[in-house]
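Engineer: Residues per chain are reported as follows:
2 protein chains.
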Amino acid sequence: MFMQNGSSLAENKRFEVRSLEISDYRKGFIQLLQQLTVCDSVSDEQFRERFEELKASGDDHVICVIEDGQSGKIIATGSVFVEKKFLRNCGKVGHIEDVVIDSNARGMQLGKKIVGFLTDHAHSRGCYKVILDCSVENRPFYEKCGFKQKEVQMVKYFI
Amino acid sequence: MFMQNGSSLAENKRFEVRSLEISDYRKGFIQLLQQLTVCDSVSDEQFRERFEELKASGDDHVICVIEDGQSGKIIATGSVFVEKKFLRNCGKVGHIEDVVIDSNARGMQLGKKIVGFLTDHAHSRGCYKVILDCSVENRPFYEKCGFKQKEVQMVKYFI
Numbered sequence: 001m002f003m004q005n006g007s008s009l010a011e012n013k014r015f016e017v018r019s020l021e022i023s024d025y026r027k028g029f030i031q032l033l034q035q036l037t038v039c040d041s042v043s044d045e046q047f048r049e050r051f052e053e054l055k056a057s058g059d060d061h062v063i064c065v066i067e068d069g070q071s072g073k074i075i076a077t078g079s080v081f082v083e084k085k086f087l088r089n090c091g092k093v094g095h096i097e098d099v100v101i102d103s104n105a106r107g108m109q110l111g112k113k114i115v116g117f118l119t120d121h122a123h124s125r126g127c128y129k130v131i132l133d134c135s136v137e138n139r140p141f142y143e144k145c146g147f148k149q150k151e152v153q154m155v156k157y158f159i
Numbered sequence: 001m002f003m004q005n006g007s008s009l010a011e012n013k014r015f016e017v018r019s020l021e022i023s024d025y026r027k028g029f030i031q032l033l034q035q036l037t038v039c040d041s042v043s044d045e046q047f048r049e050r051f052e053e054l055k056a057s058g059d060d061h062v063i064c065v066i067e068d069g070q071s072g073k074i075i076a077t078g079s080v081f082v083e084k085k086f087l088r089n090c091g092k093v094g095h096i097e098d099v100v101i102d103s104n105a106r107g108m109q110l111g112k113k114i115v116g117f118l119t120d121h122a123h124s125r126g127c128y129k130v131i132l133d134c135s136v137e138n139r140p141f142y143e144k145c146g147f148k149q150k151e152v153q154m155v156k157y158f159i
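Read top to bottom, the protein sequences are chains A and B.
Numbered according to UniProt numbering, the first sequence spans residues 1 to 159.
Numbered according to UniProt numbering, the second sequence spans residues 1 to 159.
One chain only, chain A, in its complex shape:
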């Protein structure tokens, strides 16, 4: 069997990364996000509305998913958006957010695939860097993806 980066061609086809589609609402996309944080049920209409809002940003805001070719379920996701700055000579920065891998699909390098896809996308959009915030526990994973710790994240909640 031919191998690509340690994965078989069949596996690569089964776990292809692609952009979020509107039909992913019915394939467990929201349920997957619920594994990351608080996310009550989102109605079909709410989903459609936010989907269209994000689509308006074009390639400057991309959500990618992996659909398990066998089960038809969304088992991994992540997003990246491009921030336009004045500094760094009107530079651009990619922000990676909301990377989630289904708890039943760990150990198959899907996280690496998602982060690689999002990083490549930021690069292709002309960003000079890509950043993300993660827990201290997840730092080793992102180090394997080529990231280095730089600063600390501060947060203020309104609710």
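Just so you know, not all the hints are guaranteed correct.
The list treats identical chains as one, so a pair stands whether inside a single copy or across any two.
To be verified - In silico BS3-like cross-links for lysine-lysine, where the CA-CA straight-line distance does not exceed 25 Å: (1) Lys84 / Lys27; (2) Lys150 / Lys73; (3) Lys150 / Lys129; (4) Lys85 / Lys112; (5) Lys148 / Lys27; (6) Lys129 / Lys55; (7) Lys73 / Lys84; (8) Lys27 / Lys92; (9) Lys92 / Lys13; (10) Lys85 / Lys27; (11) Lys129 / Lys85; (12) Lys144 / Lys112; (13) Lys85 / Lys73; (14) Lys148 / Lys73; (15) Lys13 / Lys112; (16) Lys73 / Lys13; (17) Lys55 / Lys92; (18) Lys85 / Lys55; (19) Lys129 / Lys84; (20) Lys129 / Lys92; (21) Lys55 / Lys27; (22) Lys84 / Lys55; (23) Lys112 / Lys150; (24) Lys27 / Lys73.
To be clear, the hints were calculated from the coordinates, so they are not data collected in a lab.
Model the placement of chain B on the given structure of chain A, informed by the hints.
Structural biologist: Just chain B now, kept in the frame of chain A:
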């Protein structure tokens, strides 16, 4: 003299926070950013182009400044943009970036003013939280602004 939050009315008027205007290019806005990080000279045309791009995002991407009413120079700035998510019931998150106070204007609570303005803006846009990344040295300042450390920031540079 009447006092507002420890500042005189005259001081408040002198150091008012407002949105970036196209004429701020001539008031040292880029030079101020250069105090934060690498920022070669940005031409008038580049500035105008990026300004218009950001303007297209409306209230979802705001850059604020403080112009010293006496010198006519921009002495403080910061930006916030609103990220639209699916999680948290199609929630929104404010991202604060590029807060800079002129090194000659420290100790006048301008940083607090800028961060307060950006935080209030994120709140008014319906964000459930506002986040930012900073150095460990700047953590005490943001704690005074009501922020708490949560995660760590990871970065990957392309150049």
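Engineer: Which hint numbers doesn't this structure obey?
Structural biologist: When the structure is compared with the hints, numbers 2, 5, 9 and 14 turn out to be violated.
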